[in-house]
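There are 2 protein chains.
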Amino acid sequence: MGGKIQSLPGFRDFYPEDCAVRNYVFSHWRAVAHRYGFVEYEGPVLEPTELYKKKSGDEILGQLFHFADRGERQVALRPELTPSLARMASARGRDYKKPLRWFGIGQFFRYEKPQKGRTREFYQFNVDILGEPSRAADAELIALSIDLMRDLGFTADDFTIRLSDRDAWIVFLEEQGLPADSAPAFLGIIDKMEREKPQATAAKLATLGTSREAVDAFIAAAEIGDHFTPLLDDLAARGMADFVKVDLSVVRGLAYYTGTVFEVFDKGKGMRAVAGGGRYDKLCGLISDGAAEMPACGFAMGDVVISDLIKETPHAAAQLATQLATAGATDVYVVIADEVSRPAALAAIQTLRTAGHRVGYPLAATKVGKQFAAAENQRARLALIIGAEHPAITIKDLATREQQEGNIADLLTLVGAPSHLKLNT
Amino acid sequence: MGGKIQSLPGFRDFYPEDCAVRNYVFSHWRAVAHRYGFVEYEGPVLEPTELYKKKSGDEILGQLFHFADRGERQVALRPELTPSLARMASARGRDYKKPLRWFGIGQFFRYEKPQKGRTREFYQFNVDILGEPSRAADAELIALSIDLMRDLGFTADDFTIRLSDRDAWIVFLEEQGLPADSAPAFLGIIDKMEREKPQATAAKLATLGTSREAVDAFIAAAEIGDHFTPLLDDLAARGMADFVKVDLSVVRGLAYYTGTVFEVFDKGKGMRAVAGGGRYDKLCGLISDGAAEMPACGFAMGDVVISDLIKETPHAAAQLATQLATAGATDVYVVIADEVSRPAALAAIQTLRTAGHRVGYPLAATKVGKQFAAAENQRARLALIIGAEHPAITIKDLATREQQEGNIADLLTLVGAPSHLKLNT
Numbered sequence: 388m389g390g391k392i393q394s395l396p397g398f399r400d401f402y403p404e405d406c407a408v409r410n411y412v413f414s415h416w417r418a419v420a421h422r423y424g425f426v427e428y429e430g431p432v433l434e435p436t437e438l439y440k441k442k443s444g445d446e447i448l449g450q451l452f453h454f455a456d457r458g459e460r461q462v463a464l465r466p467e468l469t470p471s472l473a474r475m476a477s478a479r480g481r482d483y484k485k486p487l488r489w490f491g492i493g494q495f496f497r498y499e500k501p502q503k504g505r506t507r508e509f510y511q512f513n514v515d516i517l518g519e520p521s522r523a524a525d526a527e528l529i530a531l532s533i534d535l536m537r538d539l540g541f542t543a544d545d546f547t548i549r550l551s552d553r554d555a556w557i558v559f560l561e562e563q564g565l566p567a568d569s570a571p572a573f574l575g576i577i578d579k580m581e582r583e584k585p586q587a588t589a590a591k592l593a594t595l596g597t598s599r600e601a602v603d604a605f606i607a608a609a610e611i612g613d614h615f616t617p618l619l620d621d622l623a624a625r626g627m628a629d630f631v632k633v634d635l636s637v638v639r640g641l642a643y644y645t646g647t648v649f650e651v652f653d654k655g656k657g658m659r660a661v662a663g664g665g666r667y668d669k670l671c672g673l674i675s676d677g678a679a680e681m682p683a684c685g686f687a688m689g690d691v692v693i694s695d696l697i698k699e700t701p702h703a704a705a706q707l708a709t710q711l712a713t714a715g716a717t718d719v720y721v722v723i724a725d726e727v728s729r730p731a732a733l734a735a736i737q738t739l740r741t742a743g744h745r746v747g748y749p750l751a752a753t754k755v756g757k758q759f760a761a762a763e764n765q766r767a768r769l770a771l772i773i774g775a776e777h778p779a780i781t782i783k784d785l786a787t788r789e790q791q792e793g794n795i796a797d798l799l800t801l802v803g804a805p806s807h808l809k810l811n812t
Numbered sequence: 388m389g390g391k392i393q394s395l396p397g398f399r400d401f402y403p404e405d406c407a408v409r410n411y412v413f414s415h416w417r418a419v420a421h422r423y424g425f426v427e428y429e430g431p432v433l434e435p436t437e438l439y440k441k442k443s444g445d446e447i448l449g450q451l452f453h454f455a456d457r458g459e460r461q462v463a464l465r466p467e468l469t470p471s472l473a474r475m476a477s478a479r480g481r482d483y484k485k486p487l488r489w490f491g492i493g494q495f496f497r498y499e500k501p502q503k504g505r506t507r508e509f510y511q512f513n514v515d516i517l518g519e520p521s522r523a524a525d526a527e528l529i530a531l532s533i534d535l536m537r538d539l540g541f542t543a544d545d546f547t548i549r550l551s552d553r554d555a556w557i558v559f560l561e562e563q564g565l566p567a568d569s570a571p572a573f574l575g576i577i578d579k580m581e582r583e584k585p586q587a588t589a590a591k592l593a594t595l596g597t598s599r600e601a602v603d604a605f606i607a608a609a610e611i612g613d614h615f616t617p618l619l620d621d622l623a624a625r626g627m628a629d630f631v632k633v634d635l636s637v638v639r640g641l642a643y644y645t646g647t648v649f650e651v652f653d654k655g656k657g658m659r660a661v662a663g664g665g666r667y668d669k670l671c672g673l674i675s676d677g678a679a680e681m682p683a684c685g686f687a688m689g690d691v692v693i694s695d696l697i698k699e700t701p702h703a704a705a706q707l708a709t710q711l712a713t714a715g716a717t718d719v720y721v722v723i724a725d726e727v728s729r730p731a732a733l734a735a736i737q738t739l740r741t742a743g744h745r746v747g748y749p750l751a752a753t754k755v756g757k758q759f760a761a762a763e764n765q766r767a768r769l770a771l772i773i774g775a776e777h778p779a780i781t782i783k784d785l786a787t788r789e790q791q792e793g794n795i796a797d798l799l800t801l802v803g804a805p806s807h808l809k810l811n812t
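For the record, the sequence lines run as chains L and G.
Everything in the first sequence is counted per our numbering, starting at 388 for the first residue and increasing by one.
Everything in the second sequence is counted per our numbering, starting at 388 for the first residue and increasing by one.
Just so you know, not all the hints are guaranteed correct.
Note that the list lumps identical chains together, so a pair holds whenever it fits in one copy or between two copies.
Below 20 angstroms or equal to it, Euclidean Cα-Cα: the simulated SDA-like pairs (lysine to any residue) are [to be verified]:
id, residue 1, residue 2
1, Lys440, Asp456
2, Lys503, Val408
3, Lys391, Asp676
4, Lys500, Val408
Worth flagging that the hints you see were computed from the coordinates, not collected in a lab.
Could you build the full structure based on these sequences and the hints that come with them?
Set out below in structure tokens:
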């Protein structure tokens with residue numbers, strides 16, 4: 388039988404306290420998406436490996452969990468959602484009014500070296516608008532990302548939106564007299580620029596036939612150009628101008644982006660992208676073999692970095708702590724003071740649960756003192772004490788210690804309405 | 388690039404209307420678990436293949452999606468949650484007050500022939516009590532399963548709990564003078580009895596040294612015996628006696644069950660198990676190599692059969708339809724009557740969303756008639772019309788067709804509180 392079995396490296400166990408943090412993030416993802424009029428969808432966790440070939444970035448392809456299934460199909464655990472979305476939207480987009488406003492929350496898999504902020508599985512929030520070519524769609528997504536960050540307790544001091552556009556770099560390549568097919572290699576260099584030594588970047592740029600100086604000058608000029616004016620005006624009308632900064636050094640790693648790209652950037656010590664996305668106007672056509680061209684844009688936020696950032700940011704962490712303290716608490720703990728009254732207690736428990744209360748009680752005969760300790764452990768609001776004197780009962784408010792006597796017939800009136808917050812539902 | 392890429396056989400795309408049904412089931416799973424005082428956890432989707440060897444039933448083992456990862460580890464997509472739970476509870480059970488009341492909602496994978504009610508991936512609701520040996524824990528789980536079915540709109544006419552106990556069959560084997568190590572083979576025969584030809588079952592039983600007649604007589608006697616009295620009394624105290632029927636022909640397929648087993652059984656044409664579970668008092672010890680013995684019981688319900696059953700059962704389907712009709716609807720659709728007022732509209736949209744409203748609006752310049760059609764399509768409650776006369780605005784109730792004039796400064800008062808239900812959050 389072997390020794391103890393461990394979980395796989397890079398895969399997380401979500402114990403209840405971890406799962407509560409996960410659900411807190413999920414509930415904010417859902418709530419903001421709903422306010423923006425998005426509807427939820429989900430794709431398969433396992434897809435044909437072919438779906439990711441040439442569509443995702445090389446970085447992702449090298450990290451796929453892939454294998455042949457029992458039917459000899461080449462399959463992969465999904466590393467991202469966009470190719471599945473493009474497949475689904477291409478297949479049935481006609482059945483829905485455009486633009487589609489779809490969001491998904493699901494799990495993804497990349498075989499990377501596990502480290503802080505990086506696991507081999509992660510949850511991701513994907514938000515996409517399909518069928519709308521205008522910058523207004525890009526602005527709507529950026530606004531959603533800003534509101535999501537504010538909803539999680541962050542301010543303009545904590546994060547910024549770095550806004551860019553791959554089309555600007557296509558213009559740059561033309562100006563520099565470089566061929567259009569050098570774009571993927573060139574964008575790859577720009578994408579890695581921040582993490583690389585300046586000399587390494589300069590050498591790579593020289594090989595392509597341009598220079599670090601030209602790149603830097605272009606980046607500086609874009610900040611004062613008017614390429615981004617419509618998008619920035621849209622965000623300014625929403626009162627969000629302060630959150631956005633044009634920064635052409637952002638190109639995002641995925642192969643399929645075509646125009647606007649942006650990231651939600653942690654301004655603190657972390658200096659990392661918390662979310663990112665952009666336009667991918669060609670992907671639906673590519674995946675449907677030309678059958679269903681559709682302009683599209685979207686962004687994704689993973690759960691790992693944002694959860695770290697919440698915990699590192701005092702005001703966001705305080706909001707999390709407050710919500711967790713009230714979520715999941717028991718409404719009523721039923722103390723069975725005498726085993727003879729267990730059937731009466733079970734009937735009362737059923738009445739309370741049917742009315743929507745969250746109810747705890749001892750499964751086995753237990754001393755009354757231990758039962759009160761259990762009630763406290765479950766952060767119960769009330770204790771209902773049922774004993775030999777049934778149908779007379781006692782209700783105790785566990786915060787104020789106030790007690791009230793009554794009759795079991797008045798149980799629901801005595802207890803009042805369920806008080807639990809619905810964070811986890 | 389190849390032709391169009393399809394999804395894998397047995398893997399589902401959840402388009403928004405499918406995802407809404409999935410979320411409806413999830414929300415009932417969560418709500419009932421919370422009322423019963425369970426807290427949510429989750430394990431990894433990928434586990435060492437070893438975790439399932441000899442612990443799950445042979446049927447499951449033959450259906451594993453398994454492969455060697457890039458680090459040459461033998462890994463499997465999880466076919467069920469209980470072994471992960473046993474691993475987690477063994478590793479850190481000491482950190483929690485006993486009994487643990489844990490539930491999980493996640494995705495599972497089995498390579499089976501896709502057919503009605505059977506897919507290669509499915510969601511499953513797992514509810515378990517660990518650290519409590521008494522029948523009261525079994526009763527609590529059965530009660531939860533009954534309340535869950537009632538919450539989904541089913542009645543005692545639609546389903547029954549088939550209650551059984553593997554220990555009773557151990558007694559039977561002793562009475563028949565059969566060796567204890569014939570139990571796994573014997574239970575396998577009983578498990579398949581309902582789906583097999585009587586002659587086939589009789590032949591297999593004869594090989595083991597017993598008979599169909601002896602088995603039938605034992606099953607008939609158990610119905611009037613008192614083995615199940617404590618459990619049935621517990622459920623009767625909750626007013627649930629009518630939902631339960633003793634039936635020893637139920638043994639459940641998993642290898643690790645030790646005592647009570649039960650299933651939620653569809654009484655209609657389907658004649659199928661909708662959920663099932665039981666005691667597995669040895670599994671934690673087995674998985675921790677003896678380090679953490681812990682009595683345990685639990686049950687699981689998949690999403691595929693229950694969703695089919697909801698759709699086939701008129702009163703359950705009606706409840707689903709009612710909840711879906713109100714869930715996810717837009718609160719306010721902002722009609723931009725004149726493009727000059729788009730910035731003002733964006734400001735109003737932001738104000739509404741910040742107040743918690745679900746807001747839709749046209750991303751591109753659109754004729755007013757088409758905007759009202761979009762509002763209807765999104766089942767919006769109100770239309771807010773903003774045009775050149777801004778800051779004067781019009782609010783229209785899309786159900787009653789009543790209109791109201793006002794000023795943008797009074798927007799939130801005019802619109803009232805967000806009315807959307809929180810089904811999907």
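Results of checking the hints against the structure:
With identical chains, the CA atoms of Lys440 and Asp456 are at most 20 angstroms apart both within one copy (18 angstroms) and between copies (19 angstroms). Within a single copy, Lys503 and Val408 get their C-alpha atoms as close as 17 angstroms, which meets the 20 angstroms cut-off; across copies the closest is 36 angstroms, which misses it. In this homomeric assembly, Lys391 and Asp676 come within 20 angstroms of each other (Cα to Cα) only across copies, at 6 angstroms, whereas the closest approach inside a single copy is 49 angstroms. In this assembly of identical chains, Lys500 and Val408 lie within 20 angstroms of each other by CA distance neither inside one copy nor across copies; the values are 24 angstroms within and 37 angstroms between.
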